Structures are given as C-alpha cells and as structure tokens.
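Peer 1: Here is what each chain is made of, one letter per residue.
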Amino acid sequence: MKHLSLTTRMSLMFMFAVIAVLTVAGLSFNKLSQHHFKMIDRQTLVEKFESTQEILSSTHGRADVTEMQPQLSALLGAHENLTAIIFANDGTILFSNPSPVKVPEKYRHNPDHGMWEWQEGRYMYRGMTAQISSPDQPEPLTVLLILDITNHMHFFETLQRWFWIGLVISALVSAALGWVVARGGLKPLRQVTQLASSMSARSLKERIPLEPVPLELQQLVSSFNAMLARLDDAFLRLSNFSADIAHELRTPLSNLMTYTEVVLSKKRNTEIYVENLYSNLEDLKRMSRMIDDMLFLAKSDNGLIFPEQSRVDLHEVVVKLFDYYHLLADERSINLTVSGLGSILGDKLMVDRAISNLLSNALRYTPVGKTISVAIHQTSTAVVLTVENPGETIKSEHLDKLFDRFYRVDPARREGSPSNAGLGLAITRSIIEAHKGKIWCTSANGITTFHMEFPRPGLSKETE
Amino acid sequence: MRLLVAEDQAKTGTYLQQGLTEAGFNVDRVMNGTDALQHALSEAYDLLILDVMMPGLDGWDVLRMVRAAGKDVPVLFLTARDGVEDRVKGLELGADDYLVKPFAFSELLARVRTLLRRGNNSPTPISMRIADLEVDLLKRRAVRGGKRIDLTAKEFSLLELLLRRRGEVLPKSLIASQVWDMNFDSDTNVIEVAIRRLRAKIDDNFEMKLIHTARGMGYMLEAPESE
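If you read the sequences in order, they're chains A and B. Okay, so the first sequence: first residue is 0 according to numbering that gives the first Met the number 0, each after it adds one. Okay, so the second sequence: first residue is 0 according to numbering that gives the first Met the number 0, each after it adds one.
It is possible that some hints are incorrect.
Distance windows between CB atoms, simulated [said to hold, decoys possible]: (1) F205/B - W439/A: 50 to 58 Å; (2) L294/A - T11/B: 14 to 22 Å; (3) K100/B - R363/A: 28 to 36 Å; (4) F205/B - S238/A: 54 to 62 Å; (5) H450/A - D149/B: 38 to 46 Å; (6) S238/A - T33/B: 44 to 52 Å; (7) T20/B - E274/A: 24 to 32 Å.
Hints were generated in silico from the structure; no laboratory data involved. As the structure is a prediction and not an experimental result, all values here were calculated from the model. Glycine is no exception: its CB is placed at the ideal position from the N, C-alpha and C atoms.
Work the whole structure out from these sequences, hints included.
Peer 2: Have a look at this one:
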C-alpha cells in the first residue's frame, strides 16, 4: 500500500467497502429467503395433513381408504410437487400419489410433526410423517407427505450465481466510481501542489491562500506556509550574510588602501611609515580572524563540524575561564560566581570557546560593580548551563536574532568595537548545535540570561 | 640554527626567509617538493618548514620520504586548508606542528622556537635572572632590586613564560594558551590587562623596563643592552 497513489488507494478502499457491504447483504438475503421457503413449505405440509386427516377420519377401514382415493387425489393433486403416501402399520401401501418416491427408511416411522429434508440425485425433498388414527379404526395409518423442492434449490443456485456476477460487476463499478470520487476530492490537493511547485527563490514572499483550501488541508497548507516563512528568513539571512561579508571586509580593506596610499603619496618620517604598518597589521589581523570565524560558521552550516566525544566537566571549564576573565572583571569590579556541577560529552576546545564567548559577551554588557553568575544544573535528559548578567533588557524581537552572524541589537554599534565582529554568539550557537544542544536567551527586568542545553551523557558512557 | 623553507608562493617564501633570517636563523629556501626532498636528505637542518600544496611532490610526500630515510628532523607544516583530516594526516605522518594560513609571523616564529627548543633537553633551571630581576622557580618567588615582589599564581606563570623565552616576541595567543590553557582566539583584551598588571609590579617602580610591547604582535621580556 505504501507506494500506491492516494487515488488508487481510495478507489481500492471504496471497492473493498462495497464488496463487504454487498457480501453481508447477499448472505443475509440468502439466509432469509431460505428460511422463508422453509416456512411456506411447512405451512403447506401442515395444511395438507389436516385435510388428509379430515378425509381419513370419515373412513372406517382399509377398504374405505381405497375408496377415498379420488378425494385424496383431488386434494393432493392440486399441488403438483406434492406426493402423499399412506400406509398401514404392517407396511402395506394404501395410497400413493402421484408416484411412490423412495423415502429413506428412517423417515418412514418418524411420527412427529418435525419437517425433514433429504437429497436424492438431483432432487431435493422436504417431508413430514404423521400417524392418523380415527376412533373407529383398529390401527393408526401412517401418512407421509413429501414436497419436491428441487425448484427452490435451482432458484437459490441461480440467485447465488447472479449474486457473484453482481458482486464482481459492483466491485469494478465501485472501483471506477471511487477513482472518480477520489480524483474529484483530491482536486484541491493538486491545486495546492501546482501552487507549491511554482514557488521559486524569488517568490518566497508568496503564500498559499488558506480560504479556498478544504478544512483537512488547511493544516498542511499552513505548515507549508510556515516553512516558506522560515525559508524566506534563511534566504534573507544568507543574502544579508553575503552583504555583511562584503561590508565587514570592505571597511578594513578600504582603510588599508586609503591609509597606505595617503602615506605613500609623499615622503615622510620613518615614524609615519611605521605607524602605517602597525595600523595595517591591526586591520589585517582583524580580517584574518573574521575569515577564520566565517569559515568555521560555513563549515558548521554544512554540517562539517564533528566534535570530539570526550567527557567535559563544565564546572572545571567555567572555573578555568573565570581564571582568565577575572582580570577583565576586576577592572570593572564585576563579580563572577559559579554554582552547580555537570559533565557532558563533547569537544573540550569547542565547549571552552562557546562558554568563553558567552562570558566575554556578558562582561561587555554588565554594568560596573555587578555580578555575572553561571549556574549548571541537570535535568533527567539534559545538562543546562546558564550565564546570567544584569544589564539593559534586550527587547524580545531581538532575542532570537542575537545568534545571527553580524547581528547587533544596536546597528550603530557595528562600527564601534573593532575586535568584536558580531560572530561570537553565532559561533557559540554552531558549537552547541554541533553538540546536539540548544541555546536561547531570555531577558527581563534588567537581567539577561543565556541558556545552553546539552544532552545528558548516556549512562553507558559513564566510565569514559 | 639552520632551517629549510619549502614554499611555492614566491612572495610568501621570500617574506618567510627574510623574517626568519632577521630572527637569527640560517634559512634555505626552495620552491617545490622535489628540491625540498633533495635538500632535506643531503643537508643537515634543524627544522623543515613545508607548505602542503606544492608542485611535484607535495608536503606530505616530502615528509613521508624524509621519515622513510630515517631522518627525525622536526617538521612544521603550513597549510591553507583547515581540515581536521589534514591535521590528522600530518600528525600521523610524523609532522610536529602545523599552521593554517593566514598566520601571524610572530606566531610562526614562536612555534619554530618551541620546536627547536624541544630538541635540546637542557635541565630546568631552578632560578633565573635577568638584569636585577631574580626568579626562584621552585619557591615561585620573584625579587627585583632586592625587594620581594608579590605575584599571583597566574602572574608568576606569565613571568616565568616570558623569562624562559626572553628575547622572543610572544604572541598573545601563545601566552593565552600557555598560561591560561585558552587554545582559541578570544577577542578580548585579557592579555593586555594581565601584562599591564605584571608591569605594575615588575617595572613600574624601576628605571629599567624589562617587559616590552611589540605592537600588534605580542610581548617580550628583555634587558636593554645599553640605556
């Protein structure tokens, strides 16, 4: 069923449903008809019995029975399929009309009012046996009434044959109808598909309208639209990224060129040349670092970063980084605190770098004299590290984009700090994602918190 | 100290040769793998600096053949590709270190000196002295001009590093890596702050300054020869 088209699948299901319904209906009809015929037969037999009994009760001996023959014949002969046999206790047949039928012995002396049936060759019979006794008869007579029901059986055979033929035809017709119905029903889907396939990078802003879409497809279409929105966003970011690269590299390049040309335009003191070279060196280093960072991000985007899997004690990492950053923190009387314990599986160098970026970011925005606190805690499935610092609340519309490359909350700050290219948080996110973790930022009431979540190392690797 | 630089880019090769020569090394330069191999096998070098991408034999081939000839001269690789597999391959073949282009020359110089120093196992000195600064490495104490200087553990490590490699310009990245185990570029000015603090204790009260800044490159501990 996996590879069948929806239309085929629906037609088939429709067909099976019709077959099932028809089969149930056919079987019930068959059963009911059989029952009905049986009832009619019984009634006929019982009626004839009563009449026979009436006729016989007016006789007074064996001889009389023979005399009654015309009356009996008239009564029984009216029914062409009916055979009657009357015999005495000693087995002498007193009456038989129209012809004696060979009756199995066991039914001959079965004088209850039950009905029995038996088959002989192509013929089917239903019969009834009873003993009739009249007060002035020395011994009771046994009366056998037999109905030839071969016709009924023929009727049922024909019925069954036609039922099977009808079933096959209905199945085919219903499959065809199902196909038509399914195609009609799936028309909106084809329309959506057509719209979707006409989308291109340039039309990412377009959305599939929801109104004409049937209810069942609305969720699909809205997920598709949401995907378009994400694609559009990613596409936009990619375009911006290229533009950013150009811009970020152009600025230092243009500084380099202008300054060098100006310095060379006339003879100057050695100090000026030296100054020029130093300045160039600074710009070049900045560009080199930016290229490194962008390469890292490009690799991460292409899934080419494979972190080592060794045990990293987060508390240890934080303590080590504090050791490094406390020099900067002291300068601005900022306190650094860490609480909690936790280990993850990962690449120590990368984890160092990710947390270091968060710390240097926190240091950049924490006011003098405040505290940056790092907390590590474990849930059943994850190890979470948070870096919390007081500072200006970041508006919620910026929170998600903080991790975008070159994103700065305040665009004017772009030119501000030459050492901070705006790639730190993007790199941190790449590292966390390469470790199958998550990173997000919350900011409220003057407290900004970055949360890093790593999957908790499996117990099987506890010994590593 | 004799070095061989194999680099097919003429400009890079020339600058490397000039820089290393001015740093006091005796440098031979070749521009392809075949010449590099021939030189490496026939002459005695203290260190080979090999570019990976070279016409003819590439850096890996040269390294393989040099090692196959039984020479265990230290080898430093220069590569423009920063792939993990490149690194692993180089180290498996027996390279001692690698640098990814673009690199800072001061970084290269520091690595070269580290590799060259690795060879001679001079016993760790118990104390060191430069001008009137005396440092006891066992007791981790520093005295300048007869006066005890109070240093934190990290300040002492920083001073020890500068002292052990006196006369060399140490790039900030090397300092961060050796003293704080920070093995990646951080865009903060922690090292500046650390040096400033160390200076305040070592140099500020003295006429003769020992810690010098090589602008844009790093820091160096050196006693001025004549001042």
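Peer 1: What are the numbers of the hints that this structure violates, sorted from low to high?
Peer 2: Nothing - there is no hint that the structure violates, so all of them hold.
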